[in-house]
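J.: Next come the chains, spelled out residue by residue.
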Amino acid sequence: MLRLPAVSRALAGAAHSKGSISTTNNVWTSVRASSNMVEVFVDGKPVAVEPGTTVLQACEKVGVQIPRFCYHDRLSVAGNCRMCLVEIEKAPKPVAACAMPVMKGWNILTNSEKTRKAREGVMEFLLSNHPLDCPICDQGGECDLQDQSMMFGADRSRFTEEKRAVEDKNIGPLIKTIMTRCIHCTRCVRFASEVAGVEDLGTTGRGNTMQIGTYVEKMFMSELSGNVIDLCPVGALTSKPYAFTARPWETRKTESIDVLDAVGSNIVVSTRGGEVMRILPRLNEDVNEEWISDKTRFAYDGLKRQRLIQPMVKDASGQLVATTWEDVLTRVAGALQGVQGSEVGAIAGGMVDAEALVALKDLLNRLDSDTLCTEEIFPMAGAGTDLRSNYLLNSRITGIEESDLLLLVGTNPRYEAPLFNARVRKSWLHNELQVAMVGHKVDLSYSYNHLGETTQVLQEIAAGTHPFCKDLAQAKKPVVVVGSSALQREDGAAIFKAVSTIAQNSRASSGVEEGWKVLNVLHRVASQVAALDLGYKPGVDAIRKNPPKVLFLLGADAGCITRADLPKDSFIIYQGHHGDVGAVMADVILPGAAYTEKNGTYVNTEGRAQQTRVAVTAPGMAREDWKILRAISELAGVTLPYDTVDEVRRRLEEVSPNLVRYDDVEESNYFKQAHELSKAVNQSLLAAPLVPPQLTVKDFYMTDPISRASQTMAKCVKAVTEGAAAVDEPSIC
Amino acid sequence: MAAAVVRGIGSNLSKNLREVRLHLCQISAASQGTRDFIEQHYVTLKKANPEFPILIRECSGVQPVLWARYGFGKEHNVSLDNMNADQVAKALESVVNAKP
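Those protein sequence lines, which keep their order, are chains R and X.
Taking the UniProt record's numbering, the leading residue of the first sequence gets 1, the next gets one more, and so forth.
Taking the UniProt record's numbering, the leading residue of the second sequence gets 1, the next gets one more, and so forth.
Derived pair list, reagent style DSSO-like, types lysine-lysine, alpha-carbon separation capped at 27 Å:
{"id": "1", "chain 1": "X", "residue 1": "47", "chain 2": "R", "residue 2": "679"}
{"id": "2", "chain 1": "X", "residue 1": "74", "chain 2": "R", "residue 2": "627"}
{"id": "3", "chain 1": "R", "residue 1": "441", "chain 2": "R", "residue 2": "698"}
{"id": "4", "chain 1": "R", "residue 1": "672", "chain 2": "X", "residue 2": "90"}
{"id": "5", "chain 1": "R", "residue 1": "304", "chain 2": "R", "residue 2": "698"}
{"id": "6", "chain 1": "X", "residue 1": "15", "chain 2": "R", "residue 2": "549"}
Among chain X residues calculated to face chain R with C-beta under 10 Å, some are:
{"id": "7", "residue": "35"}
{"id": "8", "residue": "39"}
{"id": "9", "residue": "50"}
{"id": "10", "residue": "62"}
Hints listed in this document are in silico derivations from the structure and should not be mistaken for laboratory results.
Note that beta-carbon positions come from the ideal geometry of N, C-alpha and C, so glycine has one too.
Whenever a hint applies, use it, and build me the whole structure from the sequences.
T.: Have a look at this one:
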């Protein structure tokens, strides 16, 4: 197998993203611009390409798509399917377009007699051992084999032999394997080895007896495992939760954003009949490329369980009873009007959209309250959340690809932000990124320099006495990432100060230009950055210091504040979409919409504002969150000045204009000022080691109300702790 | 000049105000004064008012504006278009002293 390093995408036409900082972009150069371009002809049309591009990429540049099964532009080249064979004029044999670099003056004939014969032949061979499963195969309708056999295959069969069959493998509760259908393209093997970093899949045997699998009874337990389902061109690897539920042509696709972590992966929500059928990734070069994590992909069944569908009130006996919207809105408005401003507080949870956050802030501000908190803590000493550069992933996810040294502090990016980790791994693999970590030793799917887990190590690096400081000083484009879990500690301000010092020092010693940012914060919840942009106070200290009589929980399910922390007759209002921790302690429940049911703005950890779109309507009596708050405001006598989503977004712009700059990252500066203020922070580091809350894959699956309600996620946790055989699956196929 | 104004404001930001927001563009000429003001005087201002939210929100292409939020959600804005750092400081002083 020819293993060339993955060449960056030549075709920019398919990219939906804006402002990508890809380093090797060979699309828009003209022949006159650089003299080392090679001129080739595709069906007689001349095209100039960089030396080293393959025949397949040269054809794509002209717009001719060559059929292929094993080639994928984000994986290394294998060249084993032979479907991409094309004739080169005056060459004796057809060449594999995906692997052959172009030579000057070649005329590539993509539709000649020989090319067509080659394709028909390859297709005939592939179909000879392929089972007649189309009616029962989930890939039907989106199957590469079906599409390419219709376009390039022969119209008649000569097959009279017997087909071989292969045993199915059990690789976990997420991926259904029917290995008889496998055409041995090895995309899954290369993905597992290169992108996921888990070298579990491989090929056993040769020729007719070849099998792809894990050889031993082993689960493919990576947080990115679901992506092999997209990669597999046939129905060999399919989604187990999605099995036999829908055909692709009957689903409606809605472009949206994932909110189960802070990366903001772009997704496509496939729905049918008002129900979410599956979640697929959407291409975005800057954020998630073409991948999504398993939680993003499979937790959608949690959207149908434990939902709040009716407004509820706690009656005299302490039971929550369903009631009407009028009743519940009147009670809430009454409670808000009956107290002073200082006696009202609010806590925002991890999956709240910016529209609801601004509506809640405006509502409470009009009642003369400033006690709006987020569940996640961020150290407010120093510049706090004044300067955006203090709390964003300033280098951006694409910046990791240009970096040469990455220092991770107190974070496990593999399970906190799997797509960020995938980018780090990509950079480690192809761009020789060195990674070092201060924190508990975890398996990151790539090797790194573990510096220790004590805060002592952090202090030494900040002071310049640690041996690692030599590497930091020599790095030309260093990046330092501190995890938000490290900042949740009581010495969070001291940790941030140390990290800020390290970032400033390494920036100074590297001599890198002004535009390069070193300090980064990796968040874990989707609503944190938007809340901080809008001016929420991070952490519930303000509420603990001054317990309010009326507490508004907006999707707050982490249990930071319980009844015990509040005065005896306090009134708790919960607005959210799942009956989790927050709803249980509430006096009044307002059913809200989940992320697939509203047009919401979410800002990812880079500071990129993106919007979710309505894929299904909210169940029962649930409504969009900002609309509920607008209704409450009207009944409480402090009517909010917006009636439509556009008006809310205009208000968002008034508070923080970057919130409506969708899909772009706004540069934030003033690192020097932030550092100066952090220097004045007088807190000492605690001796406790830096241990992120998510250490193994077991901790990855159920972290928020939606994934906690999901049966698929529960099966994953069971499979990881008790083995794949322990998961009870209905007999399939 | 601006420094004197900032010293004059001292720790009085929270006297009438609840929150101050500064919107500016990272590169345009109209926001140059605002950028200078932040670079030169933000640290002093923050040190004198450590608990007060002075939200600095940079966004490309926006007109520089100073938003001031008082009690009961009342907000005023002052355009800082083409002002220099001294004028920005004066604008800040005016919102600090204004009664809501």
